[in-house]
Each structure stands twice: as C-alpha cells, then as structure tokens.
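2 protein chains.
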Amino acid sequence: MKEIPSTKSSEIPQFRHSAISPFPSRYDQKLEFILRAAARIFANKSYHSTSMRDISRATNVSLAGLYHYCSSKEELLFLIQDNCFGRVLERLEERLSDVADPVDRLRIFIENHLSFFAANMAEMKVLSHEADSLQGDLYTHVSNRKDKYTTLARGILRAVQDQQEIESIDLTIATYALFGMMNWIYNWYDPNGSLTVNQLAQNVTRLFLGGFMGGSASLETHLKDSSRQAENLSVWRGPDR
Amino acid sequence: MKEIPSTKSSEIPQFRHSAISPFPSRYDQKLEFILRAAARIFANKSYHSTSMRDISRATNVSLAGLYHYCSSKEELLFLIQDNCFGRVLERLEERLSDVADPVDRLRIFIENHLSFFAANMAEMKVLSHEADSLQGDLYTHVSNRKDKYTTLARGILRAVQDQQEIESIDLTIATYALFGMMNWIYNWYDPNGSLTVNQLAQNVTRLFLGGFMGGSASLETHLKDSSRQAENLSVWRGPDR
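Here the protein sequences come in this chain order: H and R. Residue numbers in the first sequence follow the working numbering, run continuously in steps of one, and reach 245 at the last position. Residue numbers in the second sequence follow the working numbering, run continuously in steps of one, and reach 245 at the last position.
Bound-form chain H, shown alone:
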C-alpha cells in the first residue's frame, strides 16, 4: 500500500510495511490472511451480522490475536476497502502510464477492472454493499479513493468522446452504466466456470464501446483480441485457505 497522503494519516490504519513489497513481513502476511477471511464472511453474512468472534473462528486466530492486528471490526472493513481501491488504482495507473490513445485507455480500464475484481469477488461485494458502513475519517478516506477512480474513468470516457467527436450519450450515465455492467458480476459470474475473464472483458468492452462510440468506424481496430497472460490478481498474497 502506498503511503497515505493525509494530514490525519496518524489516525488512519495502514499496513506497517508496503503491501507491494515482494518480501512481505510475517506480520503483513498474517494481516492479509485475516483480511481475506473477513472479506469472505462480510460478503456472506454482511458486515453488521459478523462478529469478531466469527472471524476468530474462521481464521483460527484467537480474539486476543486478532486485536494484535486491528483495533476493531471497522478497521478490518476499512483495510479491505482501502486496499482494494488502492491496488486497482495503482495497477491501472501503471498500465495507463505509456498509453495515449483514449479508446485504448478505455479498453485497458475495462480489462483492468474486470480482471482485478473477478479475482477479488468477495471484496467487490463488500465494496458494493458496505460502502456506507464506515464512519468519519475512515469513510472519507475510502470515499476519496473511490472518487479519484470514478473521476479517472469519466475522464477517459470524455477523451473518447472528444477524439471521436461523439456526444450522443450523457457522460454521467455512461460512466455509471459502465461501472454497473462491470460491478454486477459479483451477482452472477463464476471465475472458475467456463467463461474466462478474457472472454468476459472482451464482451463487455465490445458491448460498451459499441454503444458508447455509436458504431464509429475506428471501433473494430480497437477490438482486436487482446488476450493477456493469466496473472495472480488476488488483492491478498499468500495461500488461500
């Protein structure tokens, strides 16, 4: 996790070490293990219905042990949400850094979002259902990250409209329609089923770009098969339980 640029950073919980370090500490590994389990339980039975005792049972970490890694259930929810937005944004900015063409940037945005969240479906459901469960500074911090991500998406869509000289679709509707198409996958998509993430991303890209660009002639040149190597995109490291 990148250092958090906040004047109140001392109040905002964070991993002790950088989450992107290839050599995570034992502490970070254990915290990630706890966060991953917490995300699954929050996704299954909701944040409010989950107790720290449930998380203790699921992880085989004693209650006292859990409080060594976080001060509260709310801090677990914050770390899950903050880590997800942090990682998906970081990965996107890296992939966009040397791409100038607006349609290519949009294609990368869609592929990045879908492949990341297909690998983190429980976390995606928690981001969606528990967006309002945080309070105060923790809520504001995650909310700012989400706004940054949404603004980035909207900017990419505006650049496509400017380049293609199309304006038929309202930009706000287009932005949230795109997020809706992508985020809804936690309700139906099975990452272990017959439909690969590549197929999912290619179909969603074709569906959205086709409608957004209104059959623009340059569309087909952007829809070439862009299959990517499989990567480990889980927001957490370490072995799954």
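One should not assume that every hint holds.
Since the list gives no way to pick one copy over another, a pair counts as held whenever it fits inside one copy or between any two copies.
[Stated by the list, open to error] Derived SDA-like pairs: lysine to any residue, alpha-carbon spacing no greater than 20 Å straight-line:
(1) Lys152 <-> Trp192
(2) Lys152 <-> Leu138
(3) Lys150 <-> Asn64
(4) Lys77 <-> Thr176
(5) Lys150 <-> Val65
(6) Lys152 <-> Phe89
(7) Lys49 <-> Lys77
(8) Lys49 <-> Ser147
(9) Lys152 <-> Cys74
(10) Lys152 <-> Arg99
(11) Lys49 <-> Asp136
(12) Lys49 <-> Ser132
(13) Lys49 <-> Glu79
To be clear, the hints were calculated from the coordinates, so they are not data collected in a lab. A quick note: this is a predicted structure, and the numbers were derived from the prediction, not measured.
Use these hints to put chain R onto chain H, whose structure you have.
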C-alpha cells in the same frame, strides 16, 4: 398482487386482497404503508440491523399492531421482494402483449425496468442487497419470480440476435450486463434531480442497443424519442410519509 400459483400457497404470505384493485381495503393500505417504511429502513441500515422496534418507531404503529399485519420481519422482507418482482413483471407483460418486434420489445423492457425501479429505489436496493436474506419457501418463491424475469429478458435478447443475425456478444454476459447497467442506478441516480427517467432510459437504451446490435443499420429507426407520460409507478399506493 396476482394469486400465487404455488402448491404451498397456504404457507406463502400474501396481501389479503388483490394489490392491483383500484379499491384497496384499509388493511391493504396500512400494510403497504408498513412495507414502504420497512423497505426504506432495510435500504438504509440493512435488513439484519433492523428490528421490528425500528419499524414500529418509523411508522408509529405499535409492535402489537405490526404483528397484526405480518408474522415476522422476514415476512415483511418477503412481501417487499415478492411485490416488486410481481408488479414489474405484470406491468412488463401487459406492455409487451401486443408488441412483436424484438428490438421494440427490448426497448420496452429497458424503459419498463428503469422507470419502475427509479420510482422504487429503496426497494431496488433491498432486492439487490437482501437477495439471500430469505430462507426456505420464501426464498424459493422470490427466486422463481426473479428467474422468470431474467429468462424473459434473455429471451428478448436472443430474439434480437436472431432477427438481426448478430452473434458477437455472449448472451449470458449481455443479459447480466444489461441488468448491471440498470440496477446500479440505486447507487447514483437521483429521481428528483435534473436527469429525468426518460433521459436515463433513452441513454441506457442507446448505449446497450448500440453495443448489442453492433451498429446495425436498423438501430436508428428504433431509437426515436419515445417519451412517455409520467405515471405513478411506486410499488406502493397511498400517501408518502
């Protein structure tokens, strides 16, 4: 509400009288008032965090009074979900009954879904977030209605593909992408804001149809301005609180 065609109908709670009667009984009016309030509270603080006491406070109906209208909090959740799917399906089937052209049927499906749920945003959030909160027969009953609705949507999309001789988009992805675009509105759309439901429906229709039909020549003829008269589409009757 239509009579429920279930072999176990005696176990499934329902309104005593038809919900589509223009002359609802006082009992039905009061039950609808309670259900509408319950939907708002479930949407705001989640089903699991809501107590019957919360609903009693919000409605000024005593706890004993509430139990005159429903046997449990779960029954309230069931009636909200069942009534929503029942009403949106009923309205859709009525509007589709004399329309044969697949693209027109798809346009009507989108308009019907968006206008209905824009008028019932709290209920939409409850349908989305509390889909798994019902148990046993109540869960199965709502789940069957939802499957019927999804199958109808998928059938309309398949008919469009057959008519237009297009097959570039996977039908499962297209169906859920469409539901995602539409259902996500509870996260961002303000029915009282500057963007009208008509504008929302027209933009979503253009976005989805454009991508799904891949710039088919016949698309534009279907995208004529189809502004509809404003209707009262709240799933509940009677005065708002």
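Going down the list of hints, with the structure as the test:
{"no.": "1", "hint": "Lys152 <-> Trp192", "in the structure": "between (27 Å within a copy, 16 Å between copies)"}
{"no.": "2", "hint": "Lys152 <-> Leu138", "in the structure": "within (18 Å within a copy, 36 Å between copies)"}
{"no.": "3", "hint": "Lys150 <-> Asn64", "in the structure": "neither (32 Å within a copy, 38 Å between copies)"}
{"no.": "4", "hint": "Lys77 <-> Thr176", "in the structure": "neither (34 Å within a copy, 37 Å between copies)"}
{"no.": "5", "hint": "Lys150 <-> Val65", "in the structure": "neither (31 Å within a copy, 40 Å between copies)"}
{"no.": "6", "hint": "Lys152 <-> Phe89", "in the structure": "within (10 Å within a copy, 36 Å between copies)"}
{"no.": "7", "hint": "Lys49 <-> Lys77", "in the structure": "both (14 Å within a copy, 17 Å between copies)"}
{"no.": "8", "hint": "Lys49 <-> Ser147", "in the structure": "between (23 Å within a copy, 18 Å between copies)"}
{"no.": "9", "hint": "Lys152 <-> Cys74", "in the structure": "neither (26 Å within a copy, 45 Å between copies)"}
{"no.": "10", "hint": "Lys152 <-> Arg99", "in the structure": "within (16 Å within a copy, 41 Å between copies)"}
{"no.": "11", "hint": "Lys49 <-> Asp136", "in the structure": "both (16 Å within a copy, 9 Å between copies)"}
{"no.": "12", "hint": "Lys49 <-> Ser132", "in the structure": "both (14 Å within a copy, 14 Å between copies)"}
{"no.": "13", "hint": "Lys49 <-> Glu79", "in the structure": "both (18 Å within a copy, 19 Å between copies)"}
When held up to the earlier numbered hints, the structure conflicts with 3, 4, 5 and 9 and fits the remainder.
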